[in-house]
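Visitor: Those protein sequence lines, which keep their order, are chains A and B.
Going by my numbering, the first sequence opens with residue 1, and the numbers climb by one from there.
Going by my numbering, the second sequence opens with residue 1, and the numbers climb by one from there.
Honestly, the hints are just simulated from the structure, not real lab data.
Where hints are given, some of them may not hold.
[Stated by the list, open to error] In silico PhoX-like cross-links for lysine-lysine, where the CA-CA straight-line distance does not exceed 25 Å: (1) A/Lys-172 - B/Lys-82; (2) A/Lys-172 - B/Lys-79; (3) B/Lys-82 - A/Lys-8; (4) B/Lys-95 - A/Lys-172; (5) A/Lys-82 - B/Lys-8; (6) A/Lys-152 - A/Lys-82; (7) A/Lys-82 - A/Lys-95; (8) B/Lys-75 - B/Lys-149.
Bear in mind the structure is a predicted one, so any value in this text is a computation, not a measurement.
Number of protein chains: 2
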Amino acid sequence: MKALPLAKVYQLIEPGPVVLLTTARRGRPNVMTMSWHMMLDFEPPMVGCVVSAGDYSFAALRASRECVIAVPARKLAAKVVKVGNTSGRDIDKFKAFGLTALPASEVQAPLIAECFANLECRVTDTRMVRRYNLFVLEVVAAWIDPKQKNPKTIHHHGYGTFVVDGPLIHLKSRMR
Amino acid sequence: MKALPLAKVYQLIEPGPVVLLTTARRGRPNVMTMSWHMMLDFEPPMVGCVVSAGDYSFAALRASRECVIAVPARKLAAKVVKVGNTSGRDIDKFKAFGLTALPASEVQAPLIAECFANLECRVTDTRMVRRYNLFVLEVVAAWIDPKQKNPKTIHHHGYGTFVVDGPLIHLKSRMR
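Chain A extracted, bound-state conformation:
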């Protein structure tokens, strides 16, 4: 994994990929599937994300105030769905689905070796949790796997239907 400049993190989150969210509580890592997230600021990169109070990760995220957002490419789609269909209450998802937890640099939650990008995050604001299950995260370290070239992300349209990234287009834009 190679360090990614924090100023480039928004380029991963803004396009809306399905991501994996890892947490750790009492030394036990867990992972969930998530696609309700958005950028809130460029640098330091701030991310908003919704983790349902019914998700097993909710308590770990609230208690530890740390997580990792790991971005999977197309080849992980089947595992991403399995992660979403199961709960850490019942199984060790890393073991069950062959995902490799790697130590992060700043947080207890693990990176996922198979994902092409990993964002270490701290929870900085929980005031919208009660009303919207909305956590505000600051990305404090970011990693990219240089061996995964041009990874194609997946985008959830509901009920297991995903759109895979297609062609890139370049237009002259002032938009960052």
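Using the hints, position chain B against chain A.
Guide: Only chain B this time, still in chain A's reference frame:
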């Protein structure tokens, strides 16, 4: 335009497309380009979105508490970038870029005829505006253009680089 059930709105926003946001103030419509948005709830559909305090739309959105999220397909990409490169302070973007404003049913902000989906929204919570420029919207009416078959959306990766929707995949999922 055909009414879209509100329960299906999340299937448009969750995948992270670039959208257009229309507002109206003192009878004058405006439109901006936006891709910092996320779902907050399924039904009624609640959406969070960031509109920078520097954007001309910011004041209109805060004052009118209404907007329309219009979802453009690939063929509108060049216009979407032009909308993002300009300000309603200076020009009438509908006229300048050949976008057709249609009356909405519940809000003063217009629908955009060329977009394949249009979501009429009311601002329901402005408590995160001061800190994050984050508006909470409730989608109160939704429209889809049945003439646009399998529209491919665009996703912004920064500086005018977009990924266009590629192939669909279907996996057996419990995830709504």
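Visitor: Please go over all the hints and tell whether each is borne out by the structure.
Guide: These are the hints, each one checked on the structure:
no., hint, verdict
1, A/Lys-172 - B/Lys-82, "holds (9 Å)"
2, A/Lys-172 - B/Lys-79, "holds (11 Å)"
3, B/Lys-82 - A/Lys-8, "holds (23 Å)"
4, B/Lys-95 - A/Lys-172, "holds (21 Å)"
5, A/Lys-82 - B/Lys-8, "holds (23 Å)"
6, A/Lys-152 - A/Lys-82, "holds (19 Å)"
7, A/Lys-82 - A/Lys-95, "holds (12 Å)"
8, B/Lys-75 - B/Lys-149, "holds (13 Å)"
In this structure, none of the earlier numbered hints is contradicted; all agree with it.
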